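Use the sequences and the hints to build the structure in full.
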Amino acid sequence: MRIAIVVSEFNFDITAPMLERAKHQLEHHHAELAAEIHVPGVFDMGPAIKGLLRRKDVDGVVILGAVIKGETLHDELITHATAQTAARLAVKYDKPVGLGITGPGMTHAQAMERLDNARNAVDAVVKMLAVLNEIDQ
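Going letter by letter, the sequence shown gives residues 101 to 237 in my numbering.
FYI, nobody ran anything at the bench for these hints, they're computed from the structure.
One or more of the hints may lead you astray.
[Stated by the list, open to error] What follows is a set of in silico ranges between Cβ atoms, one per label pair, in the way DEER data are often shown: (1) D236 <-> E109: 34 to 40 Å; (2) H129 <-> H174: 31 to 37 Å; (3) G151 <-> A230: 23 to 29 Å.
[Claimed, not checked] Below, computed lysine-lysine pairings styled on BS3-like, alpha-carbon distance capped at 30 Å: (4) K150 <-> K123; (5) K156 <-> K227; (6) K169 <-> K123.
All figures in this text were calculated on a predicted structure; none of them were measured in a lab.
Don't be surprised by glycine CBs; every beta carbon is placed ideally from N, CA and C.
Next up, the structure:
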């Protein structure tokens, strides 16, 4: 299994430990890190996800980010748009995308409590690869 990771640099004090947890989980599954791509923010992930899913040497993608609640609904807009983009691309390329984005509506402290969402995103990609392989049999 070759899995790529896209990580947001915004709120990197949160996403950096998420990245480390995701890499550890890849090792746990004996999966190879196909690529590690850093993007400015969660909303910027779409082109990176698409580019990685097009690659023949990438079986799936994990996306990592932390969207913190502000004074407007901006966090909801960003999180929902990114999740929809990831889902559309997963279906288009028939490869799993693991959603390791915390938010919307979270405080910084709540996001820090959910660092293991990164591990869960890796687990989801690994499980979906098995499901897709079973379907193809």
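Evaluated hints:
Taking 34 to 40 Å as the suggested C-beta distance range, the pair D236 and E109 conforms, at roughly 36 Å. Against the hinted window of 31 to 37 Å, the Cβ-Cβ separation of H129 and H174 comes to about 35 Å, which satisfies the hint. Between G151 and A230 the CB atoms are about 25 Å apart, so this pair conforms to the stated range of 23 to 29 Å. For the hint pairing K150 with K123, the CA-to-CA distance comes to about 21 Å; that is within 30 Å, so the pair holds.
With a C-alpha separation of about 19 Å, the suggested pair K156 and K227 falls inside the 30 Å cut-off, and the hint holds. With a C-alpha separation of about 27 Å, the suggested pair K169 and K123 falls inside the 30 Å cut-off, and the hint holds.
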